[in-house]
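**Student:** If you want the building blocks of each chain, they are given just below.
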Amino acid sequence: MGKLLQPGQAGTIESNDIIVTVAPAAEDGIVIELTSPVIKQYGNRIREVIADTLVSLGVTQAFVQANDKGALDCTIRARVQTAVARALQEGGI
Amino acid sequence: MFAPGNNPGKLQNAGVYGADSVIFDLEDAVAITEKDAARHLVYNAIKSINYPCEVAVRINHIQTPFGRDDLRVVLPAKPDLIRLPKAESAEEIRMIDEIISQAELDNGFEPGSIKIGAAIETAIGLRQAYEIATASKRMTFLAIGGEDFVADLKTSRSKEGRELFVPRSELLLAARAAGIQAIDSVFSDVNDEEGFIEEALMIKGLGFDGKSVINPRQVRLVHKVFEPTEKEIAQAKRILAAYQEALDKKSGVIALDGKMIDGPIVTRAERVLAYAAALKR
Chain A
0 MGKLLQPGQA
10 GTIESNDIIV
20 TVAPAAEDGI
30 VIELTSPVIK
40 QYGNRIREVI
50 ADTLVSLGVT
60 QAFVQANDKG
70 ALDCTIRARV
80 QTAVARALQE
90 GGI
Chain B
0 MFAPGNNPGK
10 LQNAGVYGAD
20 SVIFDLEDAV
30 AITEKDAARH
40 LVYNAIKSIN
50 YPCEVAVRIN
60 HIQTPFGRDD
70 LRVVLPAKPD
80 LIRLPKAESA
90 EEIRMIDEII
100 SQAELDNGFE
110 PGSIKIGAAI
120 ETAIGLRQAY
130 EIATASKRMT
140 FLAIGGEDFV
150 ADLKTSRSKE
160 GRELFVPRSE
170 LLLAARAAGI
180 QAIDSVFSDV
190 NDEEGFIEEA
200 LMIKGLGFDG
210 KSVINPRQVR
220 LVHKVFEPTE
230 KEIAQAKRIL
240 AAYQEALDKK
250 SGVIALDGKM
260 IDGPIVTRAE
270 RVLAYAAALK
280 R
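Protein sequence lines, in the order shown, are assigned to chains A and B. Residues in the first sequence are numbered from 0 upward in steps of one, following numbering that gives the first Met the number 0. Residues in the second sequence are numbered from 0 upward in steps of one, following numbering that gives the first Met the number 0.
Treat the hints loosely; a few may be bogus.
[As the list claims (entries may be wrong)] Derived DSSO-like pairs (lysine-lysine); straight-line CA-CA distance at most 30 angstroms: (1) B:Lys158 / A:Lys39; (2) B:Lys136 / A:Lys68; (3) B:Lys34 / A:Lys2; (4) B:Lys203 / B:Lys158; (5) B:Lys114 / B:Lys34; (6) B:Lys136 / B:Lys114.
[Stated by the list, open to error] Just the calculated beta-carbon pair ranges, DEER-fashion: (7) B:Arg126 / A:Glu32: 50 to 60 angstroms; (8) A:Pro23 / B:Thr63: 45 to 55 angstroms; (9) B:Thr32 / A:Glu26: 24 to 34 angstroms; (10) A:Leu4 / B:Leu205: 52 to 62 angstroms; (11) A:Val37 / B:Gln234: 31 to 41 angstroms; (12) B:Asn49 / A:Asn43: 23 to 33 angstroms; (13) B:Pro64 / A:Gly42: 56 to 66 angstroms; (14) B:Asp105 / A:Leu4: 25 to 35 angstroms; (15) A:Leu4 / B:Lys223: 52 to 62 angstroms; (16) A:Gly69 / B:Thr63: 53 to 63 angstroms; (17) A:Gly69 / B:Thr32: 22 to 32 angstroms; (18) B:Asp188 / A:Ser55: 16 to 26 angstroms.
Honestly, the hints are just simulated from the structure, not real lab data. Glycine included, each C-beta is placed from N, C-alpha and C at the ideal position.
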């Protein structure tokens with residue numbers, strides 16, 4: 000896979016959730032723009048879970064916007080998986 | 000206890016309320032546009048969170064476009080049980096059984112370890128209840144889906160539940176004939192504790208093994224209704240002790256306090272102690 004062809008989004012802005020948008024990127028690599036109330040304590044961890052999930056799905060080139068509301072790792076993984084699946088479907092988002 | 004499949008907060012906390020089984024719902028509680036997201040969320044929750052109780056997933060009907068996708072995504076997480084809504088034929092159960100068997104093989108799970116439960120929500124389903132209950136060795140319960148059933152009967156739900164008396168009784172007979180559990184419908188008004196307890200007492204009296212709930216507050220109420228009293232537990236222990244003593248002495252007739260004890264009384268006493276033990280856990 001490697002490259003996304005269109006944007007895909009999943010999640011909500013409810014507490015314990017995270018809204019993730021993945022979009023095609025112009026350059027190689029994964030760029031993550033993160034907003035979170037716990038960014039100081041868990042920012043690195045959230046980025047790591049997002050990046051690891053993308054790589055496990057074969058995505059190595061993407062621009063990610065994530066608005067975290069205190070999601071657990073399992074929720075972050077789920078939202079990234081859905082966003083990528085949607086980005087690969089016809090029509091996206 | 001049902002928890003909506005696309006709500007991370009409710010999924011992550013579902014195990015803390017003391018329910019015997021949590022049911023992650025991919026069906027009615029999930030909007031049609033979010034079915035994919037709910038599947039991923041439920042899969043990851045089951046994989047990562049250590050729930051202290053049985054974990055079930057209510058899939059969309061197997062003959063909708065979503066049912067098979069639900070199974071494909073969630074089975075590798077190894078839920079304890081798959082709950083089918085609106086079951087109407089043994090064939091549907093056999094289809095699910097086959098998909099589960101394949102998933103167990105593919106993922107190296109013990110064959111037969113993932114169970115099935117079916118909710119009967121229509122008159123057609125009720126006519127097939129025994130066949131549904133015996134369609135697979137994985138079947139562990141029949142449940143009645145009250146709201147849909149009442150709609151199918153073209154009536155509305157009364158507080159006394161008159162309209163569901165026959166369906167509940169028939170469902171119970173089918174479950175008992177098949178040797179599996181019977182689980183009652185949810186009670187939707189979470190603020191009506193008195194009504195909930197009345198209904199729970201009624202279905203316990205009919206012989207049901209438990210009740211589905213939609214709110215954590217109702218878990219405690221069901222347990223209160225099904226929990227044997229100290230007196231019942233003490234009496235059950237005495238009955239079983241007398242029975243054991245008679246067996247040891249090879250005595251044919253068993254009596255306790257001047258009353259004869261026979262098979263059904265022993266079975267009832269065992270059931271009382273089984274409930275007491277289950278609730279202590």
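**Student:** Which numbered hints turn out to be false for this structure?
**Tutor:** Result: hints 1, 2, 8, 11, 13, 16, 18 break, sorted rising.
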